[in-house]
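Visitor: Turn these sequences into a full structure, and let the hints guide you.
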Amino acid sequence: MRASAVALFSVMSFNGCYYDIEEELYPGSSACDTSNVSYSSNVEPIIRRSCYSCHGTGIGLGGITLEGATNLKTYADNGRLMGSIEHRSGYSAMPQSAPKLSDCEIRTIQAWISAGQP
Numbered sequence: 001m002r003a004s005a006v007a008l009f010s011v012m013s014f015n016g017c018y019y020d021i022e023e024e025l026y027p028g029s030s031a032c033d034t035s036n037v038s039y040s041s042n043v044e045p046i047i048r049r050s051c052y053s054c055h056g057t058g059i060g061l062g063g064i065t066l067e068g069a070t071n072l073k074t075y076a077d078n079g080r081l082m083g084s085i086e087h088r089s090g091y092s093a094m095p096q097s098a099p100k101l102s103d104c105e106i107r108t109i110q111a112w113i114s115a116g117q118p
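Residue 91 in this note's numbering sits at position 91 of the sequence shown, and the numbers go up by one each step.
None of these hints come from the bench; they were simulated from the model.
Among the hints, erroneous ones may be present.
[Unchecked claim] Restraint ranges, calculated between C-beta atoms of paired labels, are given here:
{"hint": "1", "residue 1": "ASN78", "residue 2": "LYS100", "range": "16 to 22 Å"}
{"hint": "2", "residue 1": "CYS32", "residue 2": "ARG88", "range": "16 to 22 Å"}
{"hint": "3", "residue 1": "ASP33", "residue 2": "GLY58", "range": "29 to 35 Å"}
{"hint": "4", "residue 1": "SER53", "residue 2": "THR74", "range": "18 to 24 Å"}
{"hint": "5", "residue 1": "ASN36", "residue 2": "GLN96", "range": "28 to 34 Å"}
Model, not experiment: these values are computed from the prediction.
Every residue gets a Cβ at the ideal spot worked out from N, C-alpha and C, and that includes glycine.
Guide: Below is the structure:
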């Protein structure tokens, strides 16, 4: 009885906290609307969720603060934002120690930059 309990626990511990990312499983299956992208509605929630823990006001690891549209625009204008989130050669891949942003999140940020950062 004890061996079966250990086996059951082992199976449950390996399968209990697995999360699939729909976009990776089914590329192109979910809509990514990049029309009418704005900082407050679309970009800021992505940056807050993915970047503020290291690059928020008062933290600013590496001397980089991304909190607030003005701060983010600085890195959007100089190309470092897209270079880092797209994991381009020569840039620090961000978010560090976390999965890359989804393709839709990257396209959303790029659309915001291309639209003049509204």
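Visitor: Decide, hint by hint, whether the structure agrees.
Guide: Hint check:
Taken as a hint, the range 16 to 22 Å holds for the pair ASN78 and LYS100, whose Cβ atoms sit roughly 21 Å apart. At about 20 Å, the CB distance of CYS32 to ARG88 agrees with the hint of 16 to 22 Å. For ASP33 paired with GLY58, a C-beta distance near 33 Å keeps the hint of 29 to 35 Å intact. Take SER53 and THR74: their Cβ atoms lie about 19 Å apart, and the range 18 to 24 Å holds.
For ASN36 paired with GLN96, a C-beta distance near 31 Å keeps the hint of 28 to 34 Å intact.
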